[in-house]
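Keeping their order, the protein sequence lines are chains A and B. Under this note's numbering, the first sequence is numbered contiguously, ending at residue 338. Under this note's numbering, the second sequence is numbered contiguously, ending at residue 338.
Incorrect hints may have been included.
No copy labels: a pair is met if it fits in one copy or bridges any two.
For lysine-lysine, the following DSBU-like pairs were computed, each having C-alpha atoms within a straight-line distance of at most 35 Å [said to hold, decoys possible]:
hint : residue 1 : residue 2
1    : Lys106    : Lys142
2    : Lys120    : Lys69
3    : Lys120    : Lys106
4    : Lys316    : Lys288
5    : Lys106    : Lys69
6    : Lys316    : Lys106
7    : Lys107    : Lys120
8    : Lys142    : Lys291
9    : Lys41     : Lys10
10   : Lys316    : Lys69
11   : Lys27     : Lys291
None of these hints come from the bench; they were simulated from the model.
If you want the building blocks of each chain, they are given just below.
2 protein chains.
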Amino acid sequence: MITIEIKAPYLIFLGGEVGRVYAKTGSGIVDWRPELCKGQMNFVENGLDLGLPNMNIDEAVAAGIKSFVIGTASVGGGIPEQWLGVMEKALEAGLDIVGGVHKKLNNIPRLVAAAEKSGARLVDVRVPPENIPVGSGEKRSGKRIITVGTDCAVGKKYTALAVERDMKKLGFNVDFRASGQTGIMIAGSGIPIDAVVADFLSGAAELLSPENDHDHWDIIEGQGGIFHPGYSSVSMGLLIGSQPDAFIVCHEAGREVIGEWNGFPIPSVEQVIERTISIGSLTNKNIKCVGVSVNTSMLDDQGRVSFLSSLSKRVDLPCIDPLIDGTEAIISNLL
Amino acid sequence: MITIEIKAPYLIFLGGEVGRVYAKTGSGIVDWRPELCKGQMNFVENGLDLGLPNMNIDEAVAAGIKSFVIGTASVGGGIPEQWLGVMEKALEAGLDIVGGVHKKLNNIPRLVAAAEKSGARLVDVRVPPENIPVGSGEKRSGKRIITVGTDCAVGKKYTALAVERDMKKLGFNVDFRASGQTGIMIAGSGIPIDAVVADFLSGAAELLSPENDHDHWDIIEGQGGIFHPGYSSVSMGLLIGSQPDAFIVCHEAGREVIGEWNGFPIPSVEQVIERTISIGSLTNKNIKCVGVSVNTSMLDDQGRVSFLSSLSKRVDLPCIDPLIDGTEAIISNLL
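Take the sequences, apply the hints, and build the full model.
So this is what it looks like as structure tokens:
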């Protein structure tokens, strides 16, 4: 399979961060994949604690760690000069370095030189693999769910991860499929769909959820929004290449305008369902919506209950806040 | 404007071709933009004649030519070793070299060296310009038509060029906007939309037809097909970023399956109209279909007339073969 692959276990590098907000990637990995995380490294005294053992490079090597994962985003998305020393040391010790920051690891000569010397890899999770084919549209075995959104940043990744977790608990054979940088670092593999050249978008989506066992479910992280003036074509390519059997609409209660795109109202959940079915049916005639996942953090408890129940009546589907309710209601409806 | 720009006039380089079929690009440029073509160069005795004066590099320079345009595709899309000498000579004389072949000019060290020395450019029309922004969806002044298709290779470029020609004849202020490599070489500028990174697709389409005078028309070359399993997301991004006021559906009479994608039937013209309006209305509420352009080369004369008139009745729009009928009927309907 042509996807980015990250070797486990990980040493989560937290740079000089002291607040979790800038270490979302690191804490996301620890939250969703604790079994992959064996250590953390701070660059300051009293740095952030994700609950992992603090390790230096030698200790990480002794613990069998394979990847040095940059779990923080410095302001501007760069790699500060003062990180390079410890990164070189990690590379010399044979650890891969994995980063999703804007500045590409493979464009930093000191790191490239150290990696070449030891054979360790510099894994830029924002850079898609090469040789992605054009989408074929051919039917693949196995079953697929995708999360779609009324906008960007409405919980598509979170919902997909929660569905994976909850289906696993119920004994299903299931995999989260990451289409964005943070998701890839959590899952340990995936393709950054929005960085793929346009001609190969649906082809990349096809690689992301390859043929599988008949009873296997891929839970695919959606991107963008099908009514988004900037990103809708990314959503469309991912949808068509994924050929999903089912989808979950993700939404944020109270959001009325597409984030940073004033003048573009958030589409209704019904509009997103209708459009997703009409486009998705090109590669899967039986595509259907199985539920709505709502971020209700803007509402109080009473507001949340009434929002979800009125939406559920309107669309005749289970509507949940995955953070509070879990996703079992949607999974039951799926099955 | 961030687009590829080719300096005119051109010397059309025909390599060793003796048949027009491999020199489609060169003959397309001469057909549609004779005023930009001042000379031709063959690499063999009795080579192809596009009706231009034969010139060597010195003669081209003396004639004021600015670009050496590769008007032929060698088998495999490469640049044969034996072309490099004359190309170096062209670069040394200050001519840009312009190519749409697969092999990138900028990856050929001998050419890069010669270009650096003289300051001439190597223009790979398959490589999009840098710094393309994400699409904003903001309304731009001026008017726009786009050609869309029931499939790839159904005459979207040809139709757009024919509409530009016919509207010009009628005195309109109009520009063809090229979104593919051959179109860019004909127009002398444009963006190869399918080579843009997915996140920036609609942003690239926005750059391609920038703000303009109120009574100015951009005639935008479409790409792919909105029901195409491989390329529909390219079509969608181009459509949304173009925010067209009007569109023309292009179709080939008799084609029943998406080219090379067996199992995917060609959508009906009605389906393409409905889907294009529903998607295009995100950035232009007044989008409408103004006609259908059909390649009827598979039909005899009687078949052609009956096909077009029955389609015209079905969709209640002017239906023409642009090669035979011209596009005036569609232009009248537009106005």
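Structure-based check of each hint:
no.: 1; hint: Lys106 / Lys142; in the structure: between (37 Å within a copy, 33 Å between copies)
no.: 2; hint: Lys120 / Lys69; in the structure: within (17 Å within a copy, 47 Å between copies)
no.: 3; hint: Lys120 / Lys106; in the structure: both (22 Å within a copy, 31 Å between copies)
no.: 4; hint: Lys316 / Lys288; in the structure: both (26 Å within a copy, 30 Å between copies)
no.: 5; hint: Lys106 / Lys69; in the structure: within (22 Å within a copy, 38 Å between copies)
no.: 6; hint: Lys316 / Lys106; in the structure: neither (47 Å within a copy, 57 Å between copies)
no.: 7; hint: Lys107 / Lys120; in the structure: both (19 Å within a copy, 30 Å between copies)
no.: 8; hint: Lys142 / Lys291; in the structure: both (17 Å within a copy, 34 Å between copies)
no.: 9; hint: Lys41 / Lys10; in the structure: within (12 Å within a copy, 58 Å between copies)
no.: 10; hint: Lys316 / Lys69; in the structure: neither (49 Å within a copy, 67 Å between copies)
no.: 11; hint: Lys27 / Lys291; in the structure: within (32 Å within a copy, 45 Å between copies)
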